[in-house]
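Please construct the entire structure, taking both the sequences and the accompanying hints into account.
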Amino acid sequence: MIPPRSAGSARVVAGSGATVARVYQALLTRRYLTSKIMPLLAAVAVMLCTGMVIVVWSVMGGFLNHLVNSGRVLIGDVVIEWPNAGFPYYGDLVKRLEAHPMIEAAAPAIVTYSLIVLPDNRKEMVLIRGIEGESFARVTGYESSLWWRPIDEPLRKDAKREDPRLDAGIKGILTEVLENGRSLTVPGPVGGERLPAVVPGIEVSGFAARRSEGFFEPRPRLVQRGSSGGEEVLSIFLPRQGTVTLNLVPVDSQGRILDIASVTLRVANEFHTGLYEMDKKTALVELGELQRRLKMDRATRIVPPERPGGVVERPDGTESFSEGFEGIGVEPARVTTVYVRGRGEANAEAVASAVGEVYREFAAAHRGEVPPPGTIDIRTWRDQNRTMIAAVEKETGLVLILFSFISVTAVFLVLAIFWSMVAEKTKDIGVLRALGASRTGVAWVWVRYGLVIGVIGGLAGGAMSYAIVTNINDIHEWLGEAFGLYIWDPRIYYFSEIPARFKWLDASVVAASGVVSSAVGALVPAVRASRMDPVRALRFE
Amino acid sequence: MSTHPSTISMPAGGVEASGGGGAIIRAESLHKTYRLGRVDVPVLRGVSVGVARGEFVAILGASGSGKSTLLHLLGALDRPDRRSGSSIVFDGRELVGASAGVLDRYRRFDVGFVFQFYHLLPELSVVENVLLGAMVAYGRLGYASRRRALDERAKELLARVGLGHRLRHRPAELSGGERQRVAIARALINGPRLLLADEPTGNLDRATGRTILDLFSELHAGGQTMVVVTHDEATAERAAGAGRVLRLTDGRMEPAPGGSG
Ligand SMILES: Nc1ncnc2c1ncn2[C@@H]1O[C@H](COP(=O)(O)OP(=O)(O)OP(=O)(O)O)[C@@H](O)[C@H]1O
Ligand SMILES: [Mg+2]
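In order, the protein sequences belong to chains C and Y.
Residue numbers 1 to 541, in this note's numbering, belong to the letters of the first sequence in order.
Residue numbers 542 to 802, in this note's numbering, belong to the letters of the second sequence in order.
These are calculated hints, taken from the structure and not from any lab test.
Ideal Cβ positions, reconstructed from N, Cα and C, are used throughout, including at glycine.
Treat the hints with caution; some may be incorrect.
For the chain Y half of the interface with chain C, some residues (derived, Cβ under 8 Å), not all of them [claimed, not checked]: (1) Arg567; (2) Glu569; (3) Tyr575; (4) Pro583; (5) Arg586; (6) His613; (7) Leu662; (8) Glu669; (9) Arg681.
Quick look at the structure:
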């Protein structure tokens with residue numbers, strides 16, 4: 001006698017005596033799964049839907065996250081700002097800030113505008129930020145934003161190793177250039193002396209061209225001289241030969257505009273944040289130099305001629321009668337801005353309120369000499385980048401809406417597939433009901449079936465998306481090589497790599513929704529079919 | 542052909558079951574009306590029928606006379622009209638208006654149904670189709686504990702209908718007559734007290750149909766109570782050889798004039 005074939009279907013699970021669970025359900029689920037192409041299609045549909053949603057989510061999430069965080073790069077968490085005239089005693093403020101347990105570091109800076117003159121005689125209006133390399137690096141990602149540095153590994157797309165930073169021949173000078181960038185100085189003509197320098201954003205000068213492989217290389221520019229139209233090709237490597245002339249508008253401590261000051265500085269290095277607006281419109285200058293040029297350095301305090309004839313005390317201790325503008329003491333150095341970085345993963349709003357607290361104490365200690373707490377600007381990096389973040393948030397919203405459309409489409413797809421599968425099997429439901437299967441019992445066959453398909457599809461989709469997301473740059477590159485298809489051209493997006501992040505939690509949520517959708521997709525038609533009288537199900541065509 | 546002793550003695554031609562055994566099922570004034578759009582199509586208008594234990598009843602009627610409808614009502618696959626005074630009593634219990642659980646249990650254990658179009662599940666093998674009724678009837682543990690006995694019984698039933706050698710075949714690999722025999726084995730797996738067969742030979746050629754009817758006669762001889770529906774006089778004649786023939790006309794039941802007992 002042939003051994004019973006159905007032996008496998010009756011595996012006893014100890015204690016599983018649920019009223020609904022019957023042997024026929026497991027058997028039918030298995031047979032339906034293996035004997036038809038439809039469940040395979042359904043599983044593939046679930047896989048593609050969940051996989052697609054996870055990939056889109058990972059890429060968009062990584063992209064937006066990257067974009068938002070790049071707005072934070074040269075700002076830190078919180079910015080204290082009193083524009084134009086600036087405020088004194090910032091050294092004390094920095095000290096007080098750094099003593100606060102929530103605050104990691106603080107860095108003074110001056111933010112102003114300048115019309116700069118580039119080596120090819122072009123003029124550009126840029127935001128000038130005067131910083132101390134060391135303190136600024138502790139607050140922001142300044143050091144890692146310095147572009148010119150020796151590197152050992154080529155960028156991912158740079159298969160031909162054309163990035164000039166890889167060139168062993170110039171590595172020596174790149175090491176020095178990186179050092180120059182850190183301190184915002186360059187070696188002077190006389191031994192040991194260091195001169196203040198400027199670090200413009202990599203897009204400012206136009207002397208560095210971005211390649212689709214993701215790196216910049218020095219680019220010659222055509223220079224027009226004068227109105228006669230004389231032309232000359234200028235090919236320079238900015239951190240070696242470049243100079244930039246800054247035209248600055250000093251403002252005194254009373255807020256009065258003084259004569260325009262011009263200063264020509266050498267380029268120490270260039271920075272790259274990945275944020276075009278910043279890379280194109282910002283130049284960093286050594287803080288001390290900027291203070292001197294803007295007359296914000298420590299100086300003699302003068303009074304306007306409203307008190308002619310008054311006795312004036314000079315910093316050197318001598319006294320005299322005032323004649324017009326008179327020095328009446330020491331005017332301490334000023335900055336317009338202090339950048340603050342919170343400790344660890346501290347939330348920017350919390351850091352901002354800590355900063356406000358510290359500032360109140362600081363203002364109390366220097367009453368009358370620094371802006372009162374109510375008037376000074378204390379903003380988080382989010383506030384500072386509000387336009388950009390608002391745009392990103394709109395984009396996120398849009399993505400979420402598109403996303404829900406995709407998800408709804410996916411759910412309907414699964415529902416449609418299950419509807420047709422159940423419709424095809426309505427006669428079986430009639431037979432089962434005629435044999436005495438309960439409504440919930442037959443409905444459970446389908447829910448179970450849907451669950452199994454959902455789990456298979458969801459797991460496969462998760463695995464597929466994991467493979468895609470973790471290899472997205474290779475895949476993208478392969479697409480580019482094989483079909484010339486660069487969806488993510490770094491010349492447009494300014495990221496050398498697609499910043500996709502596979503987040504297990506998000507992926508699990510999506511895969512679980514895939515499973516639930518499948519179960520619901522199966523449940524709806526199954527309940528409908530199981531509610532029919534057996535005869536109607538049997539007659540169903 | 543052997544006949545069951547208890548039915549031999551029964552007078553044929555009566556609408557009501559008779560004899561000392563008493564009715565195992567008794568339907569009283571069954572009404573069934575289909576609604577087609579706005580039109581009511583009455584199909585059964587007060588059918589009464591009783592079947593005694595061990596009896597073999599053949600119901601004859603023209604196509605469209607409502608034979609399937611009647612059988613579906615007896616098998617609790619469909620419900621009679623509401624508030625029509627219809628009643629179906631099986632073994633002393635009223636089925637009209639009974640709960641879904643009661644009807645499910647009735648279909649599981651008390652009644653076996655053989656359809657005109659077999660209705661085997663194509664994904665299951667022959668023996669699995671036969672066992673399906675038992676898989677539906679018992680929970681996991683109950684089924685597991687009876688496995689051996691049920692497997693034996695399924696094989697026995699298949700051997701009895703002449704398909705002992707086709708256990709692993711799929712229904713698609715069987716002829717119509719073979720499929721119908723599998724369906725009969727399936728209907729019998731839980732040892733129902735009542736077997737209902739709707740045109741079991743309707744889709745088969747005469748010779749094949751005869752083997753099915755022979756099978757029924759054998760079952761009847763073994764004490765199986767059954768109701769067989771047909772539109773074919775000859776089939777009814779053959780069935781009548783073993784029991785009673787009733788005729789369904791105009792939605793009412795009457796004894797067949799030519800029926801014999
Ligand atoms: N679900 C339904 N909806 C509407 N009318 C129906 C339905 N089921 C059956 N009918 C009608 O009821 C009548 C009886 O149908 P039934 O199937 O019971 O006849 P039958 O005697 O079994 O016929 P056959 O011998 O052809 O099988 C037919 O006229 C049929 O059209
Ligand atoms: Mg019929």
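The hints, checked one at a time:
1. Arg567: At about 21 Å, which exceeds the 8 Å cut-off, the nearest Cβ of chain C leaves the hint on Arg567 (chain Y) violated.
2. Glu569: violated (21 Å)
3. Tyr575: Cβ of Tyr575 (chain Y) sits 11 Å from chain C, so the hint is violated.
4. Pro583: violated (17 Å)
5. Arg586: Violated, about 19 Å.
6. His613: holds (5 Å)
7. Leu662: Interface hint status for Leu662 (chain Y): holds (5 Å vs cutoff 8 Å).
8. Glu669: Holds: closest Cβ of chain C sits about 5 Å from Glu669 (chain Y), inside 8 Å.
9. Arg681: Since chain C brings a Cβ to about 6 Å from Arg681 (chain Y), closer than 8 Å, the hint holds.
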